[in-house]
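Enquirer: Next come the chains, spelled out residue by residue.
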Amino acid sequence: MKHLLSTADLDVADAVRILDTAGSMAATQAREIKKLPTLRGRTVVNLFFEDSTRTRISFETAAKRLSADVINFSAKGSSVSKGESLKDTALTLQAMGADAVVIRHHASGAPHTLATSGWTHGAVINAGDGMHQHPTQALLDAYTLRRHLAGPGDVTGRDLTGLRIAIVGDVLHSRVARSNVHLLHTLGAEVVLVAPPTLLPVGVGAWPARVSYHLDEVLADEKPDAIMMLRVQRERMSSAGGGFFPSPLEYTRRYGLDARRLALLPEHAIVLHPGPMNRGLEISADAADSTRAVIVEQVANGVAVRMAVLYLLLAGGDAPARAAAPTDDMKVDA
Amino acid sequence: MSTGTPTPETRVDDDANVVLGAPEINRALTRIAHEILERNKGGSDVVLLGIPTRGLPLARRLAERLIAVEPGLDPALLVGSLDVTMYRDDLAHQPTRTIGATDIPGGGLDGKVVVLVDDVLYSGRTIRAALDAISDLGRPRAVQLAALVDRGHRELPIRADYVGKNLPTSTSERVRVLLEESDGRDAVLIDGGTR
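Taken in sequence, the protein lines are chains A and B.
Heads up: the first sequence begins at 1 in this note's numbering, then just goes up one per residue.
Heads up: the second sequence begins at 1 in this note's numbering, then just goes up one per residue.
Rather than coming from a laboratory, the hints here were simulated on the basis of the structure.
Quick reminder that beta carbons are idealized off the backbone N, C-alpha and C, glycines included.
Wrong hints could be hidden among the right ones.
[Stated by the list, open to error] Residues on chain A that point at chain B, a partial pick, calculated with CB under 7 angstroms:
1) SER24
2) LEU36
3) LEU91
4) GLY317
Please model the complete structure; the sequences and the hints are all you need to start from.
Expert: Here it is as structure tokens:
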């Protein structure tokens, strides 16, 4: 694993390894001294062409907890607003010695271009590109799901086999949904997408997931172990925004998670949301603040998962990361 | 510094020379356990921290022996594990290592006598990393080191307080420790090199 561009690139072993490493990282974050010297001397550049608070802060926290130097670069107020291309920006960062570039871009595929163009020699981590992928979000969702649902006992080494996850909302515009469908499927979970027909992409039938237009039916018949609510942007309602649904109230009635629908879920089921939430639109305050909502925990898990990704991409030498030092190897340097 | 057990007959086993068998390992651990109690005037402040992978079962065995001598000791507070992967200085020169578990006993490390337990003491770099890891976790009154085998070739000013066996080796040889818990049998082997 040299880059993290898409959850579709990960096999089960890769994904479980990231989740296990995240577990080790999370354990260190309960300590009084949270900082580890692991990536001392490495430089991580946060290259954000799109507004983001939580993802950028999460990556910045993760890198700093591992003692890497962090350079934040946002398009606003930079030479990008003067018309600099991605290529020239990347070459500049390469000249500054970036070991990893965390990129968020409004164009799907920009991280892939950056990783394969040779403009930068560092590892490229996709922090959200267009309507394509947001792999660390899916990984932190999977980590959260595994922690709550893969038990009992120590979940290290386990996948999500047998779990049923409903992903509800604006699947069409959601890179979170795309990343999750691939990752959760790889980890053995069954995914049900629930959305109005207008908010499902063309070709969704080819995804490794089932599709339903009716949330109440899914809750009653499928008994999902977890429900993931996607953010719906109000501006998509108007005809200028695409006219994807007639009114927020209608959306909420048919696809919003409220106390009644929460009660339909099995006892053990948990509620996820990638944030930021529109309270009263896709999720009611009752549901968002219920004890089954793990939305705040997702944020904390995000730091651990990003620490794990940075560790796995940056800590090792030139050898491929997948060839982990076997633990039963002879002591070479005890 | 201990002198270790007498060298047993060397015999060929899995194309390697067994330098310590199960009885010798057993005796060495029992002796180390007594030395720990003697040096620290009892086991009440002692915390044994095993360095994964093979330091951990060794630390557990030492804990059993300490409790056999001093039945009042609480096993839950006596033994833990300390993973040093994220403190190593050679991370960039090797394939990415899998991170092991760190499990500090409930009593914490402040004011305690920490005995680090590892299977083989070689360059000393693992122990250097362990000392850094400990300083992030608390402030022990003292840190001591127990190793089943000391094979020499130190690269840092570090020495063991308790040694199962001093094993002069050449750098071209490899020392392997097999333990019942992970490998199905107890043995220390040397292979490779020209003996």
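Enquirer: So which of the earlier hints does this model not fit?
Expert: 3
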